[in-house]
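Asks: Those sequence lines, one after another, are chains A and B. Sequence positions in the first sequence follow the numbering used here and run 19 to 338. Sequence positions in the second sequence follow the numbering used here and run 19 to 338.
Hints listed in this document are in silico derivations from the structure and should not be mistaken for laboratory results. One should not assume that every hint holds.
Pairs count within a copy or across copies, as identical chains cannot be separated in the list.
Stated by the list, open to error - No farther apart than 25 Å at their CA atoms in a straight line, the calculated lysine to any residue pairs in the SDA-like style are these:
1) LYS315 - HIS203
2) LYS315 - THR98
3) LYS313 - LEU238
4) LYS311 - ASP153
5) LYS313 - ARG173
6) LYS311 - GLY127
7) LYS313 - ARG113
8) LYS311 - ASP179
9) LYS313 - GLY79
10) LYS320 - GLU73
11) LYS248 - GLY151
12) LYS313 - GLN125
13) LYS320 - GLU108
14) LYS322 - GLU221
15) LYS311 - PRO105
Note that the structure is predicted; figures quoted are calculated from it, not measured.
2 protein chains.
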Amino acid sequence: MENVCVVGIDIGGQTSKIGVVDRNGEILARKVIRSDVYGSDFRAYVTSLSAAVDEVVGEAGAKGRVTGIGVGAPNANHYTGQICQAPNLEWAAGRCVDFASMLSSAQGGLPVSITNDANAAAMGERRYGVAAGMDDFIMITLGTGVGSGIVIGGRLVYGHDGMAGELGHVCVVRDGGRSCGCGKHGCLETYCSATGVARTAREWLAADDTPSLLRNYDTLDSRAVYEAAKQGDPLALRIFEYTGTILGRAMADFAAFSSPEAFVLFGGLARAGEFLYEPVRTAMEDNLLPVWKGKIKILFSKLKESDAAILGASALAWED
Amino acid sequence: MENVCVVGIDIGGQTSKIGVVDRNGEILARKVIRSDVYGSDFRAYVTSLSAAVDEVVGEAGAKGRVTGIGVGAPNANHYTGQICQAPNLEWAAGRCVDFASMLSSAQGGLPVSITNDANAAAMGERRYGVAAGMDDFIMITLGTGVGSGIVIGGRLVYGHDGMAGELGHVCVVRDGGRSCGCGKHGCLETYCSATGVARTAREWLAADDTPSLLRNYDTLDSRAVYEAAKQGDPLALRIFEYTGTILGRAMADFAAFSSPEAFVLFGGLARAGEFLYEPVRTAMEDNLLPVWKGKIKILFSKLKESDAAILGASALAWED
Numbered sequence: 019m020e021n022v023c024v025v026g027i028d029i030g031g032q033t034s035k036i037g038v039v040d041r042n043g044e045i046l047a048r049k050v051i052r053s054d055v056y057g058s059d060f061r062a063y064v065t066s067l068s069a070a071v072d073e074v075v076g077e078a079g080a081k082g083r084v085t086g087i088g089v090g091a092p093n094a095n096h097y098t099g100q101i102c103q104a105p106n107l108e109w110a111a112g113r114c115v116d117f118a119s120m121l122s123s124a125q126g127g128l129p130v131s132i133t134n135d136a137n138a139a140a141m142g143e144r145r146y147g148v149a150a151g152m153d154d155f156i157m158i159t160l161g162t163g164v165g166s167g168i169v170i171g172g173r174l175v176y177g178h179d180g181m182a183g184e185l186g187h188v189c190v191v192r193d194g195g196r197s198c199g200c201g202k203h204g205c206l207e208t209y210c211s212a213t214g215v216a217r218t219a220r221e222w223l224a225a226d227d228t229p230s231l232l233r234n235y236d237t238l239d240s241r242a243v244y245e246a247a248k249q250g251d252p253l254a255l256r257i258f259e260y261t262g263t264i265l266g267r268a269m270a271d272f273a274a275f276s277s278p279e280a281f282v283l284f285g286g287l288a289r290a291g292e293f294l295y296e297p298v299r300t301a302m303e304d305n306l307l308p309v310w311k312g313k314i315k316i317l318f319s320k321l322k323e324s325d326a327a328i329l330g331a332s333a334l335a336w337e338d
Numbered sequence: 019m020e021n022v023c024v025v026g027i028d029i030g031g032q033t034s035k036i037g038v039v040d041r042n043g044e045i046l047a048r049k050v051i052r053s054d055v056y057g058s059d060f061r062a063y064v065t066s067l068s069a070a071v072d073e074v075v076g077e078a079g080a081k082g083r084v085t086g087i088g089v090g091a092p093n094a095n096h097y098t099g100q101i102c103q104a105p106n107l108e109w110a111a112g113r114c115v116d117f118a119s120m121l122s123s124a125q126g127g128l129p130v131s132i133t134n135d136a137n138a139a140a141m142g143e144r145r146y147g148v149a150a151g152m153d154d155f156i157m158i159t160l161g162t163g164v165g166s167g168i169v170i171g172g173r174l175v176y177g178h179d180g181m182a183g184e185l186g187h188v189c190v191v192r193d194g195g196r197s198c199g200c201g202k203h204g205c206l207e208t209y210c211s212a213t214g215v216a217r218t219a220r221e222w223l224a225a226d227d228t229p230s231l232l233r234n235y236d237t238l239d240s241r242a243v244y245e246a247a248k249q250g251d252p253l254a255l256r257i258f259e260y261t262g263t264i265l266g267r268a269m270a271d272f273a274a275f276s277s278p279e280a281f282v283l284f285g286g287l288a289r290a291g292e293f294l295y296e297p298v299r300t301a302m303e304d305n306l307l308p309v310w311k312g313k314i315k316i317l318f319s320k321l322k323e324s325d326a327a328i329l330g331a332s333a334l335a336w337e338d
């Protein structure tokens with residue numbers, strides 16, 4: 019069929035973004051609905067979502083040309099099509115909902131493929147972004163948390179149960195590591211997420227009286243650290259060096275697992291690439307096995323932040 | 019074709035083991051030749067090896083029924099068919115040799131598939147051993163070093179360059195870790211190999227005067243620690259607990275990567291399973307994300323040590 023399209027849906031705690039995407043990664047039409055106004059009524063959410071899909075497909079003039087729907091959502095299981103125990107989605111909190119089959123039914127049997135947002139992001143980079151044509155790479159999303167999508171031999175790694183690729187919860191500080199939302203300690207996410215960077219800033223500012231521009235900020239978030247670093251603030255620069263070093267060391271270990279062609283970094287914190295790149299690169303190279311030194315690329319996503327989630331989700335629909 | 023067979027070859031620094039294997043994992047005939055009497059003359063080695071293959075195939079009565087040859091060898095690259103920079107194989111030290119194509123030519127064009135021994139071991143377990151039918155598992159070989167073979171979606175992970183699966187060189191002690199033969203520090207292999215166990219024993223015995231049966235051994239190797247542990251020696255038992263704890267923690271991190279159904283442990287040290295299992299299991303469970311707790315099997319290989327290497331190599335030949 020000529021001119022076929024897919025629908026990409028990115029489900030977050032507050033909103034769900036829907037887009038119709040063509041083969042070139044052009045978003046032909048888009049719409050945002052709330053995710054959080056349905057309480058625990060999952061059926062009502064799916065009904066609204068399906069109506070929004072109809073609407074946006076109509077707007078794109080793509081009726082009859084949509085071949086599938088790809089969805090990125092927290093705690094989404096690719097194998098079962100379920101979303102399970104997602105604390106930020108009230109209709110999927112403390113239980114599993116049959117997301118893929120319900121949406122597929124509501125859409126007249128259209129295939130629906132779901133996975134978590136980091137996996138979706140990886141497929142988006144492979145189809146439309148800096149990982150174009152790569153069969154072996156690791157996507158690391160540096161946002162509120164740290165997510166990952168691992169591509170091996172051209173395929174996303176889902177593992178035995180559909181939940182593989184949780185590199186944000188690999189332990190990077192074994193003794194006395196920071197407590198993580200997952201219940202463990204020392205997880206990569208507690209150091210190398212936007213939240214982790216803010217935590218480092220708060221810890222270091224509290225530790226002594228080193229002068230820093232950061233002391234002038236009311237809200238001490240990763241954005242503040244980035245702004246201070248841009249102004250040359252030594253403490254802020256050290257925070258990025260510390261963060262990048264931890265991330266680069268972890269990446270060297272990840273490389274020993276799957277020997278990727280590249281790492282692709284994405285997300286709020288990746289915008290601080292100018293300060294992260296050098297320490298990440300140095301720490302990774304210092305800790306790689308000789309066979310891989312100088313051979314693994316570190317890339318930053320170039321997809322527009324506002325488009326990336328929809329494109330990533332849509333890429334799933336092309337795969338299946 | 020009925021009754022087809024394959025040839026499995028396990029190449030070590032001193033000897034090369036050759037076997038003819040049928041679909042049931044029966045080794046119909048076998049032979050061992052030296053690997054180390056050819057100096058740097060790679061051609062001479064391949065000539066001898068090929069003659070030995072002819073001989074063992076004849077002995078098995080399998081002439082005309084062999085469909086392929088699988089080879090496990092150090093530093094073997096599955097993609098290129100080369101063995102490169104293998105310090106223990108003089109004919110492949112400091113250079114790359116076109117192993118697969120040379121042997122294939124010598125064998126009249128029979129397909130030859132090569133990989134490193136840990137990868138081969140993984141495929142052996144999947145075809146003939148405790149990982150039968152598993153599509154997602156991680157093999158960890160605990161011998162002189164620590165090797166690994168990772169199976170995802172039913173396929174060995176080779177990575178971008180054919181060299182993936184070096185979990186023995188993941189860093190488990192970041193600061194002040196033991197120096198490793200690879201040039202890095204704190205590698206899993208420096209703690210959880212047979213050599214690592216002996217190193218722990220030597221370090222601990224030197225650290226203080228704790229009485230231990232181990233002080234009676236002239237050769238302080240992992241075998242001595244195993245024997246002392248069997249006699250209830252507290253220090254020897256603590257050494258296995260320490261070793262198992264480091265391994266179990268690392269396995270929890272590996273699980274976050276590929277969410278395997280099982281880990282399969284193999285090799286000299288795995289024979290001490292009775293002392294390793296509990297600490298490995300406890301440390302892994304303590305460090306797994308909640309979603310995987312209680313769900314990942316820890317298995318010990320049951321293949322006869324003398325057969326495992328040939329069976330593993332032969333399994334490769336069935337795959338391709």
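Asks: Are the hints correct? Go through all of them and say.
Replies: Do the hints match the structure? See the list:
| no. | hint | verdict |
| --- | --- | --- |
| 1 | LYS315 - HIS203 | between (29 Å within a copy, 23 Å between copies) |
| 2 | LYS315 - THR98 | between (34 Å within a copy, 21 Å between copies) |
| 3 | LYS313 - LEU238 | neither (37 Å within a copy, 40 Å between copies) |
| 4 | LYS311 - ASP153 | within (20 Å within a copy, 31 Å between copies) |
| 5 | LYS313 - ARG173 | both (21 Å within a copy, 24 Å between copies) |
| 6 | LYS311 - GLY127 | neither (48 Å within a copy, 35 Å between copies) |
| 7 | LYS313 - ARG113 | between (44 Å within a copy, 19 Å between copies) |
| 8 | LYS311 - ASP179 | between (33 Å within a copy, 13 Å between copies) |
| 9 | LYS313 - GLY79 | neither (45 Å within a copy, 47 Å between copies) |
| 10 | LYS320 - GLU73 | neither (29 Å within a copy, 59 Å between copies) |
| 11 | LYS248 - GLY151 | neither (34 Å within a copy, 54 Å between copies) |
| 12 | LYS313 - GLN125 | neither (45 Å within a copy, 35 Å between copies) |
| 13 | LYS320 - GLU108 | neither (32 Å within a copy, 47 Å between copies) |
| 14 | LYS322 - GLU221 | neither (32 Å within a copy, 54 Å between copies) |
| 15 | LYS311 - PRO105 | between (40 Å within a copy, 19 Å between copies) |
The structure is inconsistent with the numbered hints 3, 6, 9, 10, 11, 12, 13, 14, although it conforms to all the rest.
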